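Asks: These protein sequence lines are chains W and D, in that order.
Using the numbering used here, the letters of the first sequence map in sequence onto residues 10 to 465.
Using the numbering used here, the letters of the second sequence map in sequence onto residues 10 to 465.
Honestly, I wouldn't trust all of these hints.
As the list makes no split between identical chains, a pair holds if one copy fits it or if it spans any two.
Calculated pairs, SDA-like style, for lysine to any residue (alpha carbon to alpha carbon, straight line, at most 25 Å) [unchecked claim]:
id : residue 1 : residue 2
1  : Lys457    : Glu33
2  : Lys175    : Val139
3  : Lys237    : Gly369
4  : Lys449    : Arg238
5  : Lys183    : Thr69
6  : Lys117    : Glu141
7  : Lys455    : Glu345
8  : Lys118    : Ile145
9  : Lys449    : Asp38
10 : Lys147    : Ser358
11 : Lys457    : Ser18
Worth flagging that the hints you see were computed from the coordinates, not collected in a lab.
It should be emphasised that the depicted structure is a prediction, and the values quoted were computed from it without experimental measurement.
Protein chains: 2
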Amino acid sequence: MNKITLDLSNALSSSIGNENGITENELNDFEEKIRNVLIRVREERAQGKLAFMDLPCASTKEIEDTAEKVLQNEFEDFIVFGIGGSSLGTRGLKEALIHPEWNLLPHKKRNGYPRVFILENIDPYSFSAVLETIDIKKSIFNVVSKSGKTAETISQFLIVKDLLEKAAGNDWKKHIVITTDSLSGPLRKIAREEKISALSVPQGVGGRFSVLSSVGLFPAAMMGIDIKRLLKGAVGMDALCSGEKLDENIASALCAFYFITYKKGKQITVLMPYSDRLLGFGLWFRQLWAESLGKRKNSRESEGPTPVVALGATDQHSQLQLYLQGPDDKSITFIELEDYESEIEIPRSFEHNDFSYLPGNRLEDLIRAELSATRTVLTTNGRANATIRLSRISPDTVGGIIYLYEVVTTLMGYLLDINPFDQPAVEEGKKITREILEGKESPESKEKLAIECVLG
Amino acid sequence: MNKITLDLSNALSSSIGNENGITENELNDFEEKIRNVLIRVREERAQGKLAFMDLPCASTKEIEDTAEKVLQNEFEDFIVFGIGGSSLGTRGLKEALIHPEWNLLPHKKRNGYPRVFILENIDPYSFSAVLETIDIKKSIFNVVSKSGKTAETISQFLIVKDLLEKAAGNDWKKHIVITTDSLSGPLRKIAREEKISALSVPQGVGGRFSVLSSVGLFPAAMMGIDIKRLLKGAVGMDALCSGEKLDENIASALCAFYFITYKKGKQITVLMPYSDRLLGFGLWFRQLWAESLGKRKNSRESEGPTPVVALGATDQHSQLQLYLQGPDDKSITFIELEDYESEIEIPRSFEHNDFSYLPGNRLEDLIRAELSATRTVLTTNGRANATIRLSRISPDTVGGIIYLYEVVTTLMGYLLDINPFDQPAVEEGKKITREILEGKESPESKEKLAIECVLG
Chain W
10 MNKITLDLSN ALSSSIGNEN GITENELNDF EEKIRNVLIR VREERAQGKL AFMDLPCAST
70 KEIEDTAEKV LQNEFEDFIV FGIGGSSLGT RGLKEALIHP EWNLLPHKKR NGYPRVFILE
130 NIDPYSFSAV LETIDIKKSI FNVVSKSGKT AETISQFLIV KDLLEKAAGN DWKKHIVITT
190 DSLSGPLRKI AREEKISALS VPQGVGGRFS VLSSVGLFPA AMMGIDIKRL LKGAVGMDAL
250 CSGEKLDENI ASALCAFYFI TYKKGKQITV LMPYSDRLLG FGLWFRQLWA ESLGKRKNSR
310 ESEGPTPVVA LGATDQHSQL QLYLQGPDDK SITFIELEDY ESEIEIPRSF EHNDFSYLPG
370 NRLEDLIRAE LSATRTVLTT NGRANATIRL SRISPDTVGG IIYLYEVVTT LMGYLLDINP
430 FDQPAVEEGK KITREILEGK ESPESKEKLA IECVLG
Chain D
10 MNKITLDLSN ALSSSIGNEN GITENELNDF EEKIRNVLIR VREERAQGKL AFMDLPCAST
70 KEIEDTAEKV LQNEFEDFIV FGIGGSSLGT RGLKEALIHP EWNLLPHKKR NGYPRVFILE
130 NIDPYSFSAV LETIDIKKSI FNVVSKSGKT AETISQFLIV KDLLEKAAGN DWKKHIVITT
190 DSLSGPLRKI AREEKISALS VPQGVGGRFS VLSSVGLFPA AMMGIDIKRL LKGAVGMDAL
250 CSGEKLDENI ASALCAFYFI TYKKGKQITV LMPYSDRLLG FGLWFRQLWA ESLGKRKNSR
310 ESEGPTPVVA LGATDQHSQL QLYLQGPDDK SITFIELEDY ESEIEIPRSF EHNDFSYLPG
370 NRLEDLIRAE LSATRTVLTT NGRANATIRL SRISPDTVGG IIYLYEVVTT LMGYLLDINP
430 FDQPAVEEGK KITREILEGK ESPESKEKLA IECVLG
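Whenever a hint applies, use it, and build me the whole structure from the sequences.
Replies: Below you can see the structure in the form of structure tokens.
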């Protein structure tokens with residue numbers, strides 16, 4: 010059974026005291042406040058203004074047909090070009106739902122699916138390294154950009170198109186699947202004119218809310234992930250995200266945790282999954298949270314909790330000291346698994362008192378005990394924390410938690426009275442980038458204080 | 010030539026105004042304040058109390074001999090077991106200094122060096138996945154734990170020791186190299202009794218300051234990294250880290266940026282390298298900064314800037330909106346490369362006005378223009394930022410920047426009047442973990458507020 014549980018016990022004043030903890034009164038006030046937001050969401054959704062909420066019920070036929078057709082060509086490598094919202098969701102799905110060492114598995118163990126490379130950045134060194142590694146004649150590229158003109162993605166596309174043309178002549182087109190706006194933008198135009206396979210980003214769905222559309226689902230299908238179940242999980246979650254009462258609405262309840270602690274000065278939102286497989290999900294959350302909520306309200310006021318992703322148990326050895334004894338400016342959300350799907354046990358050897366407590370336990374018991382211990386010390390130190398428990402990592406629970414955070418982010422934006430769907434600040438930088446590349450001088454001023462260290 | 014330049018121009022009041030910017034007076038005050046700290050550092054160093062500062066001049070003979078001996082056995086896979094300070098530095102060196110797709114390269118292109126796996130976490134799913142991927146009979150394991158009793162690392166060791174014994178009998182010992190305290194701890198005892206190859210973590214060097222000791226250097230040598238040049242870079246940097254004047258001491262100058270902006274309310278320290286290869290270095294920094302500086306001073310006061318690692322240009326599409334328009338609580342440090350060591354050019358194709366500015370430029374020009382544009386908009390928005398410029402990524406510059414941050418962290422700790430070398434808060438959690446695994450009931454209290462979502 011696929012199940013997601015939210016536990017807010019360690020955020021309540023009865024656990025961590027009145028200063029940090031959420032009181033009964035605060036919860037009641039919040040329930041009052043969120044009521045209008047939930048009405049607004051319901052209305053906007055009915056008007057088709059919250060298109061991301063329609064994705065879980067959309068047909069996946071075109072996506073699956075395209076993947077099936079492409080997979081028949083038995084490409085050895087599948088490469089995604091996309092940045093930000095065009096890749097982070099895909100990366101989250103990949104890390105959660107396929108083998109952690111996928112690209113090292115022999116073809117057969119991948120059930121015939123290709124190796125997968127997600128190229129976000131334009132660091133020429135690592136880009137060249139991937140090009141060296143793959144056989145371009147046996148590769149299929151998914152070029153993902155909603156606007157169809159993202160500089161990084163277009164540059165990658167132009168480089169590879171050139172290489173493909175040299176290697177395969179006019180057949181280069183068979184090595185490309187474009188994912189872009191259904192109507193407008195340069196990539197759509199190219200797809201139409203050159204008759205290249207193309208999928209659509211549904212109208213009204215912004216990049217960081219698009220993972221459950223063709224943006225994330227086509228790559229997922231190319232890795233053999235059951236995309237119908239991903240959506241099914243989101244649908245199941247949706248049913249628990251509209252009730253008026255906090256204890257019937259998991260999105261409202263999670264939002265209560267974030268909103269109330271933020272107002273109490275927790276400017277940093279730490280998400281700490283105890284699973285390597287959810288690190289990619291964390292990075293997806295990091296964009297969703299930062300870009301949706303980091304906004305200027307007026308000339309004096311800004312909003313925006315800073316998202317931080319920590320990985321349990323690893324980051325107990327890196328960040329926990331700060332979380333426990335540093336400034337009390339963080340809320341912490343653990344993601345816990347009920348089942349790690351591994352029976353690996355710690356065997357007995359070298360009788361030594363310092364680790365006699367380990368043998369006989371499973372590795373899973375150790376990571377679970379560490380989470381429990383970390384949660385305990387945070388709570389006894391009065392640090393607000395919440396836990397999201399997944400029965401296990403499956404397409405259903407991953408689809409469910411993705412959708413949950415999309416709704417929570419929307420609610421949070423509305424409560425903070427900002428628009429969670431735009432990103433007005435990043436346009437200026439794009440303009441300057443363009444001007445520099447067109448040969449205008451960089452607008453940067455001369456160095457005023459610089460120290461040089463020659464290392465020989 | 011290997012060179013590191015620090016540019017603080019965009020942090021000065023003459024660039025970003027008096028409220029956020031650092032004024033002449035503040036710099037003078039800081040120079041005054043840091044003077045005593047530099048004297049303290051010089052004295053403690055002379056007394057042998059800052060052992061990490063002696064590492065760059067230490068002999069590498071034992072490390073190199075051990076690596077050479079092990080490499081003669083032509084193992085196919087090299088696996089590092091270690092967590093926190095026992096692995097993050099190694100990961101930083103690996104990502105910076107070997108091929109980004111190392112494990113996918115054919116043996117010959119790796120110049121005969123083994124594939125590399127760094128296993129920090131104890132997530133049983135990903136741990137099993139690596140065990141599935143390697144051939145244990147052709148694998149060499151480096152077990153790294155200064156105390157010799159780290160639960161995660163010991164568990165990994167016990168599991169693999171058992172598997173090796175089953176596969177190779179008494180020869181299991183030839184598959185292990187232990188790195189631990191030179192005198193004490195269970196791993197040292199085991200190494201002695203079982204006659205297993207063992208390297209020493211020098212006395213007085215804490216985990217997060219140990220990358221330039223056997224902890225990081227042995228794995229580096231196992232990947233063919235020139236460890237002598239790493240240390241040479243650190244030595245070169247050391248020469249620029251003791252002067253009294255800010256413009257003669259790159260560590261003091263960088264510390265001035267962090268200390269003054271922190272005191273002006275920049276609670277979040279963003280490190281943003283524009284290079285995929287420096288992401289691992291960023292994660293190493295993240296531990297160094299958080300664990301060294303996140304401390305309780307007394308019952309009311311805490312210190313600790315929260316480190317955040319962002320990756321350019323990728324995170325312009327994820328975090329930049331928040332950095333530009335969110336709360337002004339961050340200082341941002343860019344790491345820039347003068348040379349990306351790739352000539353890859355963006356070719357002309359599909360005449361389209363929306364991206365006509367790209368062709369003819371190298372990919373390197375694009376990433377550089379994006380950095381310049383991002384820095385410009387942050388500066389015009391009054392956001393304090395600094396830039397560290399590396400001539401290129403080489404063992405020398407990587408050794409140099411590692412050492413630079415170790416010194417800066419030390420100075421920062423002394424200025425904040427805390428001990429940057431301890432981590433008192435994390436012991437309690439270890440105790441509870443042990444108790445849970447020994448069968449005591451978890452100390453966690455009953456759920457007070459939990460919402461369950463069954464997804465079917």
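Asks: Does each hint hold? Answer for all of them.
Replies: Hint by hint, here is what the structure shows:
In the homo-oligomer, the alpha carbons of Lys457 and Glu33 lie at most 25 Å apart only across protomers (12 Å), although the nearest pairing inside one protomer, at 54 Å, exceeds that limit. Proximity of Lys175 to Val139 under the C-alpha cut-off of 25 Å is restricted to the intra-copy arrangement: shortest distance 18 Å within a copy versus 38 Å between copies. Taking the shortest Cα distances, Lys237 and Gly369 never come within 25 Å of each other, neither inside one copy (39 Å) nor across copies (43 Å). When the C-alpha separation of Lys449 and Arg238 is checked against a cutoff of 25 Å, the pair qualifies neither within a copy, at 50 Å, nor between copies, at 39 Å.
Taking the closest pair of Cα atoms, Lys183 and Thr69 come within 25 Å of each other only inside a single copy of the chain (22 Å); across copies the shortest separation is 53 Å, beyond that limit. When the C-alpha separation of Lys117 and Glu141 is checked against a cutoff of 25 Å, the pair qualifies both within a copy, at 23 Å, and between copies, at 14 Å. Taking the shortest alpha-carbon separations for Lys455 and Glu345, only the inter-copy value of 16 Å comes in at or below 25 Å, while the best intra-copy value is 51 Å. Taking CA atoms no more than 25 Å apart as the test, Lys118 paired with Ile145 passes in both settings, with 22 Å inside one copy and 19 Å between copies.
For the identical chains of this complex, Lys449 and Asp38 are neighbours neither inside a copy (54 Å) nor across copies (39 Å), given an alpha-carbon limit of 25 Å. For the homomeric pair Lys147 and Ser358, the shortest alpha-carbon distance between copies (22 Å) is at most 25 Å, but the shortest distance inside one copy (48 Å) is not. Within a single copy, Lys457 and Ser18 get their C-alpha atoms only as close as 52 Å, which misses the 25 Å cut-off; across copies the closest is 5 Å, which meets it.
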